[in-house]
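A.B. asks: Here's the letter readout for the chains.
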Amino acid sequence: MIYLDSAATTFRKPQTVRVAVQRAMQTMSSPGRGGYESARAAEELLFRTRTLAAELFGVPDAEHVVFTSSATHGLNIAIKSVVPVGGRVVVSPWEHNAVTRPLHALGAEVAVAAAPLFDDDSCVRAFSKEIRRGADAVVCTAASNVFGYVMPLQEIAAVCRRMRVPLVVDAAQSAGAEALDMTALGAAFVAMPGHKGLYGPQGTGLLLCGADAKPLLEGGTGSASLSQEMPDFLPDRLEAGTHNVPGVAGLEAGLRYVRGMTPERIARYERRLIRRASESLRRMDGVTVYASDDPARQLGVLSFTVAGRESEDLARALARRGVAVRAGLHCAPLAHQSAGTAEGGTVRLSVSAFTTEAEIDGFLNALRGILAK
Amino acid sequence: MDHYLFTARSVTHAQRMAHALASVGIGTTMKRVSNQVTGSGCGYTLQVGEGKLHRAYDALRASDLRPVKVFRVSGGELREVLP
Chain G
43 MIYLDSAATT
53 FRKPQTVRVA
63 VQRAMQTMSS
73 PGRGGYESAR
83 AAEELLFRTR
93 TLAAELFGVP
103 DAEHVVFTSS
113 ATHGLNIAIK
123 SVVPVGGRVV
133 VSPWEHNAVT
143 RPLHALGAEV
153 AVAAAPLFDD
163 DSCVRAFSKE
173 IRRGADAVVC
183 TAASNVFGYV
193 MPLQEIAAVC
203 RRMRVPLVVD
213 AAQSAGAEAL
223 DMTALGAAFV
233 AMPGHKGLYG
243 PQGTGLLLCG
253 ADAKPLLEGG
263 TGSASLSQEM
273 PDFLPDRLEA
283 GTHNVPGVAG
293 LEAGLRYVRG
303 MTPERIARYE
313 RRLIRRASES
323 LRRMDGVTVY
333 ASDDPARQLG
343 VLSFTVAGRE
353 SEDLARALAR
363 RGVAVRAGLH
373 CAPLAHQSAG
383 TAEGGTVRLS
393 VSAFTTEAEI
403 DGFLNALRGI
413 LAK
Chain Y
15 MDHYLFTARS
25 VTHAQRMAHA
35 LASVGIGTTM
45 KRVSNQVTGS
55 GCGYTLQVGE
65 GKLHRAYDAL
75 RASDLRPVKV
85 FRVSGGELRE
95 VLP
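So the sequences go chain by chain: G and Y.
First residue of the first sequence: 43, per the numbering used here; consecutive thereafter.
First residue of the second sequence: 15, per the numbering used here; consecutive thereafter.
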């Protein structure tokens, strides 16, 4: 299989991830619940992983790194911590349902900072304008899961700091492939999955906390157990119930892989692959490619459409030829409405550090074969 | 043997304190303790050796990692102390 759906999950992982998961299942029990060896091993794992993530993402201390089950889980905590019911929230035009659905559930007034795709100046101006109109929070993706557009996050964060508006960052697509410094951004929260660019297993995620957080779940934490209130300190406040220890073990191995490779190197490699794909796609009749002329503005995600062809049909045809891509709306209807692709969606290919140039060429050949029919 | 117990608000806090103390050459032992020590339910403490109280406390304060409480354990008796 040629796997080009890494924006959904990085299917191929470093070997160390699988080994770590298996070892954790054999040697680790519940952290924070006992003084015996297997509980201690789990506690050490969690602490090492928090510390590693704090170093990688510029979090001042490890207690502010919270384990979640996904970026969606983290975004729900973050959004429900900073957005009051019926509050006004400014978002980018490229948000995922993981952002827009929690906002909808809160009855928030959602103001979209409308700007064309890959246009940083317009984007920052639109955010400034909407924030000046009044905002309880800003929620912004670091990179679009549909188009790979790398948002001008530093500039948006600077506006938020100046206007004293809490910023929630959805780093679902960028974490691991784009350097991120929580302290420099001054963000209230940054949410990320473990199973995409951090190469951990599914069911893992991180929430980096820079503001007071409200628990989404209540339950046992192994601390302050006499109180019926959730602890008022992190990370326990947001981590009710037993941790996904094997998942965290895999995530730790993934984080070590990313740290060794460096996000900058991974991004450079992925951009080269995307450029290879986009240049060839642009030469095909009837193909519209959504790619930035400036490679720095795009991560390893690329969308395209073909005139007269349904995106889902194309994805099915590619799957029959052994190529895994994702078509449709990618759980981001707002992004497709903003780009004018909501009717039929797009075909999305997304790469990882394990994707090869030969696989990109294989995909292109398969598509040529389909379009020739 | 007489020693001190530095109580932590969580296992992560205890781990951070242990690492901060290790970085200044103070070895500790992390222990789970009951409500009798924490006063708030299950919890974690660091055992710090006799004669290291002030240096340990100062190191933690410098790292903004103060313990919740400090106890002196002497002859099996527990007494809260203020460094």
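Hints were generated in silico from the structure; no laboratory data involved.
Keep in mind that the hints are not guaranteed to be accurate.
[To be verified] One-sided and incomplete, this derived list gives chain Y residues near chain G with beta-carbon spacing under 10 Å: (1) Val-25; (2) Arg-30; (3) Gly-39.
Fair warning: this is a prediction, and the values are worked out from it, not measured in the lab.
Glycine is no exception: its CB is placed at the ideal position from the N, C-alpha and C atoms.
A.B. asks: Decide, hint by hint, whether the structure agrees.
C.D. replies: Results for each hint:
no., hint, verdict
1, Val-25, "4 Å, holds"
2, Arg-30, "6 Å, holds"
3, Gly-39, "20 Å, violated"
In this structure, only the earlier hint numbered 3 is contradicted, and the remaining ones agree with it.
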